[in-house]
Amino acid sequence: MKSRTEPAGTADVGTGAEPVARRQWFLPSAVAAELDPDRATGRTGRYKRTVRDWLVDFACFLFAVFLGLVISDEVQHNPAVSEGWAALDHLFGALACAAVWLRRRWPVGLAVAMVAVGLLSNTSGGAAVVAYFTLAVHRPWKYSAWVVGTSVALMVPFYWWRPDPDLPYVLSIVLTSLFAATTVAWGMFVRSRRQLLLALRDRARRAENEAALRAEKAQQLAREAIAREMHDVLAHRLTLLSVHAGALEFRPDAPREEIARAAGVIRESAHEALQDLRQVIGVLRGGDADASGRPQPTLAALDTLVAESREAGMKVVLDLRVPDPDAVPAAIGRTAYRIAQEGLTNARKHAPGAEVTVVVAGAPGEGLTLSVRNPPPPGEVPDVPGSGQGLIGLTERASLAGGRLGHGSGSDGSFTVEAWLPWA
1 MKSRTEPAGT ADVGTGAEPV ARRQWFLPSA VAAELDPDRA TGRTGRYKRT
51 VRDWLVDFAC FLFAVFLGLV ISDEVQHNPA VSEGWAALDH LFGALACAAV
101 WLRRRWPVGL AVAMVAVGLL SNTSGGAAVV AYFTLAVHRP WKYSAWVVGT
151 SVALMVPFYW WRPDPDLPYV LSIVLTSLFA ATTVAWGMFV RSRRQLLLAL
201 RDRARRAENE AALRAEKAQQ LAREAIAREM HDVLAHRLTL LSVHAGALEF
251 RPDAPREEIA RAAGVIRESA HEALQDLRQV IGVLRGGDAD ASGRPQPTLA
301 ALDTLVAESR EAGMKVVLDL RVPDPDAVPA AIGRTAYRIA QEGLTNARKH
351 APGAEVTVVV AGAPGEGLTL SVRNPPPPGE VPDVPGSGQG LIGLTERASL
401 AGGRLGHGSG SDGSFTVEAW LPWA
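Residue numbering for the sequence shown follows our numbering, starting at 1 and increasing by one per position.
Errors might be hidden in some of the hints.
Label-pair distances were calculated between CB atoms; the ranges are [claimed, not checked]: (1) T345 with L198: 17 to 27 Å; (2) W160 with S192: 33 to 43 Å; (3) R206 with R404: 53 to 63 Å; (4) P252 with E311: 46 to 56 Å; (5) L197 with A361: 15 to 25 Å; (6) W106 with W161: 46 to 56 Å; (7) S192 with D319: 29 to 39 Å; (8) Q275 with P252: 26 to 36 Å; (9) A212 with L69: 49 to 59 Å; (10) A211 with E268: 39 to 49 Å; (11) L196 with L320: 47 to 57 Å; (12) A199 with A98: 16 to 26 Å.
No wet-lab data here; the hints were simulated from the structure.
Here the structure is a predicted model, which is why all the values come from computation and not from measurement.
Where is the CB? At the ideal position from N, CA and C, for every residue including glycine.
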């Protein structure tokens with residue numbers, strides 16, 4: 001059958017989905033902090049690094065060291081660099097590699113420091129790449145534009161002062177600029193992916209909240225509809241009470257037996273009206289579960305409902321295992337009838353041509369069970385507009401009656417609505 005919108009909290013029939021535990025160890029700490037604001041923090045008040053953070057930081061450190069070693073070999077063989085300056089170059093490069101571990105705490109400060117260190121040390125190039133990448137990931141693009149732009153501009157006098165022995169002056173500047181731009185572009189791509197992930201998460205959360213609000217609104221509307229229907233019953237009882245009281249007023253000389261019978265009817269009607277009034281208040285408050293549903297038809301009218309469905313062209317099999325439907329309490333019977341009616345309506349819309357099976361069973365003390373099941377539709381089914389509000393209302397009716405209702409699709413494409421209602 002076509003999928004039907006199901007509110008959160010309803011039980012699925014034939015499905016055993018379990019919530020998947022959230023694993024955040026493979027997420028960046030910045031993303032994990034947004035997904036779980038209550039996540040534990042360290043002594044500094046900052047979010048602790050995840051396992052992924054430690055692995056990435058270690059990989060960045062190794063990259064900075066590896067690239068620094070490669071560049072240090074070129075510095076050793078560069079005739080424009082003296083031995084003393086080469087030693088100082090290596091010292092600054094080692095300190096820059098060690099500073100890579102601070103890239104998450106001070107991304108801007110580290111990147112600015114790498115601009116200054118880069119003027120004195122070639123071997124700090126690997127650490128500078130990591131710093132520029134981190135800046136592009138954790139800060140808006142304007143920070144990267146200023147810092148990396150300044151660094152590239154300073155390469156013009158730097159290569160004039162310490163030219164590369166293997167590359168021409170202009171080519172050295174062009175390659176350095178392209179490498180820096182690629183690093184920043186990669187960092188901005190990573191930042192945009194993280195922002196997209198968080199935006200999708202916020203959108204999903206808003207959709208869940210909106211769905212919960214729609215379900216709550218549907219429940220409230222169902223309560224109000226039930227209360228309006230029960231108001232009609234209450235008005236009928238009060239009218240009956242008024243009629244009998246008026247008869248006593250206009251016939252004070254009536255026989256004693258008639259007066260006693262009218263007084264009994266008045267007492268019983270007043271008692272039932274009081275019970276109905278309590279049920280109306282309970283429904284509107286959303287409290288007690290013993291409120292009833294639609295007052296007009298009861299379980300005894302289920303045969304008529306099935307006959308009407310068959311006349312409309314549906315294939316319906318009714319298995320009524322209740323010997324005396326009239327013995328079912330009116331409130332429970334009305335709710336059961338409404339559930340069966342909604343189940344047949346859904347089957348007619350979403351699985352036309354399929355044979356629907358309605359099973360009703362129960363006894364006093366055991367409760368009343370009702371199920372409406374249909375197999376997959378025999379052919380293509382056009383899209384039918386629907387919001388699932390009917391099932392939400394049925395769930396609310398069953399809950400107010402002290403029972404429960406579940407619905408869902410089976411693995412074979414069938415759809416089942418099952419309910420249990422108390423029958424004392």
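inquiry  = Does the beta carbon distance between T345 and L198 stay inside 17 to 27 Å, or does it fall outside?
reply    = Since T345 and L198 have Cβ atoms about 42 Å apart, the given range 17 to 27 Å is violated.
ask   = Could one say that the CB atoms of L196 and L320 fall in the range 47 to 57 Å?
value = holds (56 Å)
query = Is the distance from the Cβ of R206 to the Cβ of R404 consistent with 53 to 63 Å?
reply = Because 30 Å falls outside the window, the suggested range is violated.
ask   = Quick one: are P252 and E311 within 46 to 56 Å, going by C-beta?
value = Check passed, 53 Å falls within 46 to 56 Å.
49 to 59 Å as the expected CB spacing between L69 and A212, which holds or is violated = holds (57 Å)
message = Taking the Cβ atom of A199 and the Cβ atom of A98, is their distance within the range 16 to 26 Å?
response = violated (36 Å)
key: Cβ distance range 46 to 56 Å for W106 and W161, holds or violated   = violated (29 Å)
query = Are A211 and E268 spaced within 39 to 49 Å by their CB atoms?
reply = With Cβ atoms ~45 Å apart, the hint holds.
message = If I claimed the Cβ atoms of S192 and D319 lie 29 to 39 Å apart, would that claim hold in this structure?
response = This hint is violated: roughly 59 Å between Cβ atoms.
inquiry  = Does the beta carbon distance between Q275 and P252 stay inside 26 to 36 Å, or does it fall outside?
reply    = Since the Cβ atoms of Q275 and P252 sit about 30 Å apart, the hinted range of 26 to 36 Å holds.
inquiry  = For the hint 15 to 25 Å, verify it against the beta carbon of L197 and that of A361.
reply    = Violated: the Cβ-Cβ distance is about 50 Å, outside 15 to 25 Å.
ask   = Lying within 33 to 43 Å: is that true of the beta-carbon distance W160 to S192?
value = Once the Cβ atoms are compared, 36 Å apart, the range 33 to 43 Å for S192 and W160 holds.
Violation of the numbered hints given earlier is confined to hints 1, 3, 5, 6, 7 and 12; the remaining hints are satisfied by the structure.
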